[in-house]
Structure formats: structure tokens, C-alpha cells
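Participant: Single-letter residue listing:
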Amino acid sequence: MHGGPVDKRRAIQILSCMVNYNERLDRTFAALVDPTRRAILTKLERKGAVSVSELAEPFAIKLPAVMKHLDVLAEAGLITRAKAGRTVTVRLRPQPMREAMEWLRRYERFWSTSLDRLAIYAEAREAEAKEKEQ
Amino acid sequence: MTSLILVRRVRARPSIVFDAMTTAEGISHWWGPDAGEPVLKAESDPRPGGRYRIRFRTKDGLEHECSGEYLEVTPHARIVMSWRWTVGGGDPGESRVEIALRAVTEGTEITFTHARLHDEESRRSHEAGWTGAFDKLEAYLAEIA
Numbered sequence: 001m002h003g004g005p006v007d008k009r010r011a012i013q014i015l016s017c018m019v020n021y022n023e024r025l026d027r028t029f030a031a032l033v034d035p036t037r038r039a040i041l042t043k044l045e046r047k048g049a050v051s052v053s054e055l056a057e058p059f060a061i062k063l064p065a066v067m068k069h070l071d072v073l074a075e076a077g078l079i080t081r082a083k084a085g086r087t088v089t090v091r092l093r094p095q096p097m098r099e100a101m102e103w104l105r106r107y108e109r110f111w112s113t114s115l116d117r118l119a120i121y122a123e124a125r126e127a128e129a130k131e132k133e134q
Numbered sequence: 001m002t003s004l005i006l007v008r009r010v011r012a013r014p015s016i017v018f019d020a021m022t023t024a025e026g027i028s029h030w031w032g033p034d035a036g037e038p039v040l041k042a043e044s045d046p047r048p049g050g051r052y053r054i055r056f057r058t059k060d061g062l063e064h065e066c067s068g069e070y071l072e073v074t075p076h077a078r079i080v081m082s083w084r085w086t087v088g089g090g091d092p093g094e095s096r097v098e099i100a101l102r103a104v105t106e107g108t109e110i111t112f113t114h115a116r117l118h119d120e121e122s123r124r125s126h127e128a129g130w131t132g133a134f135d136k137l138e139a140y141l142a143e144i145a
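These protein sequence lines map, in sequence, to chains C and G.
Residue numbers for the first sequence follow my numbering, beginning at 1 and rising by one.
Residue numbers for the second sequence follow my numbering, beginning at 1 and rising by one.
Note that these hints are calculated values from the structure, not bench results.
Quantities reported herein were computed from a predicted structural model and do not represent experimental measurements.
All C-beta atoms in this analysis are idealised placements derived from N, C-alpha and C, irrespective of residue type, glycine included.
One or more of the hints may lead you astray.
[As the list claims (entries may be wrong)] One side only, chain C facing chain G, incomplete, derived with CB under 10 angstroms: (1) Trp-103; (2) Leu-104; (3) Arg-106; (4) Arg-109; (5) Trp-111; (6) Ala-124; (7) Arg-125; (8) Ala-129.
All chains, please: the whole structure from these sequences, using the hints.
Facilitator: What follows is the structure, given as C-alpha cells:
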């Protein structure tokens, strides 16, 4: 066992890193769960920078409600807002989404390769069963 | 609700696929992301309320373990189980695995869903999970100090 205070500090660093990572993912997924917020992100992805009023236009909701959605997206780090005079410009910030996708891909890889191996195993059992039946 | 859905066709009848997915012997042949790396331990009691626990190694040399409870078991057709990482995996909380088997001409179609990967419920249990992890860490640190 490597004892001592250095290990302890390192272990706490790693753990708090993982907790932060999980919290970030939680915020990203919580932000993405709402269809209006996803529509906002889609529009930002198509158009790049968009003003808040332009963003609110196609949605059948009031501006304050749109502002609330933007707050959630900004807290999750999915958008940035910049004010110039009376216009607030909103931009997409894709990093958290990339991180979320990367996380999902790890599960995808896990199950995808597991199921490949399951198929090989089950097909061998099937061949054995067929042989016995003959 | 974050879910991962995979659909596969396997050239084996549903009863064989079902056994491969639910018996400890079957599971030990395929579970894990890296071919060639062993399943170190597999326990499975495939009936509602029964539990499973699978420990495996990845090619980076790390050991992982996942476990959970069978919530629904319909022989040769459907398996629903809770899932959580008990070793490795960063424990993002409890999620749910649903497996549907359907007989097709060439064998079996598997619809594999890993659901609730990140929803409110999982977040709550994840917080509980992390508290547990911190408790364990503290116990470990107390031991090595």
C-alpha cells in the first residue's frame, strides 16, 4: 500500500473531478431534455449567432419564458450571451454536448462489443443444438 | 431521458440467446467491452427480485463490476433489470436495462435498451451513490493514513 498524505490528496482530486464531470453531464442532459431548448440549440447550430428576439420569434411562448430557457442553457454552458447596446446575441457552445456524446459513446461501445461477443457465443451454441437434433 | 438502443440479429433461437444472456455461464462468455479480457466473476439469479453481479476486466487492466436486480423476466422474450456500477464506471446512478427477444426467420432479433442513463431519478440515486463512494473513500483513507 502506498500510504501518506500525497495519495490522500490525489484520491480526493480524482474523486472531485469525477463528481464535477457527473454534475456537468447532469446539467447538460437536464438542459437537453426540454424540446423548446433543443429547438433553440438547433436554430443556433444552423444560424450561428442569433439575437434573443429573433430566437423567440418562432416559439409560441413569451419572451420571459424564452429568457428562462436561455438561462438554463447558459448554466449548462451550452450557449454564450453577449450584449451590445440593446441587443443580446446568443451563440452555441458545443463543448458540453461533445462531452455528453463521448460519454454515451462509451456505453455504446461497451454494449456493442458485448453483443458482438454474445452473438458469436449464441451462434456456436445454436450449431451444437442443431447437431444434437440431427 | 437518455437511452441507448441497439438492435441486433443473431443466428440462434430465442431460448439459446435468453440462456446466454441470463445464466452466469452464458454471461461469462461475452460480457465486457474488450474481447480476450476475462469475466472474473458472474452471478445471476434470473427471476423477478433475483440479482446479478458481474465483475470483468478491461484491456487497460482495470476491474469493473456492475450489479442490479431482475425486475421482469419472461423466459425467451423479455428481461428488465436495474443496473449500476459497483466498481469502476464512475457510478452515474441507477439505470435500467431492457432486453426484448423476438423470433425471426434467421434466429432472434435482440432489442437492447439501456435507459434512464441520466434522468432525475438516476441523479437522485447518483447523489446517494456518491455519498456512499465518499464514505468508502474516507474509510480507505483512514486505513492507509
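Participant: Does each hint fit the structure? Answer for all of them.
Facilitator: Hints, one by one, checked against the model:
With a cut of 10 angstroms, the hint placing Trp-103/C at the interface with chain G holds, because the nearest CB-to-CB distance is about 8 angstroms. With 10 angstroms as the threshold, the beta carbon of Leu-104/C comes within range of chain G, its nearest partner Cβ sitting at about 6 angstroms, so the hint holds. With a cut of 10 angstroms, the hint placing Arg-106/C at the interface with chain G holds, because the nearest CB-to-CB distance is about 8 angstroms. Evaluation of the Arg-109/C hint against chain G yields a held restraint, the C-beta minimum of about 6 angstroms falling below 10 angstroms.
Annotation: Trp-111/C was flagged as interfacial toward chain G, and the flag holds, the nearest CB pair being 6 angstroms apart, inside 10 angstroms. Hint status for Ala-124/C: holds, given a least beta-carbon distance of 9 angstroms to chain G, under 10 angstroms. With 10 angstroms as the threshold, the beta carbon of Arg-125/C comes within range of chain G, its nearest partner Cβ sitting at about 5 angstroms, so the hint holds. With 10 angstroms as the threshold, the beta carbon of Ala-129/C comes within range of chain G, its nearest partner Cβ sitting at about 6 angstroms, so the hint holds.
The structure fails none of the hints (numbered hints given earlier).
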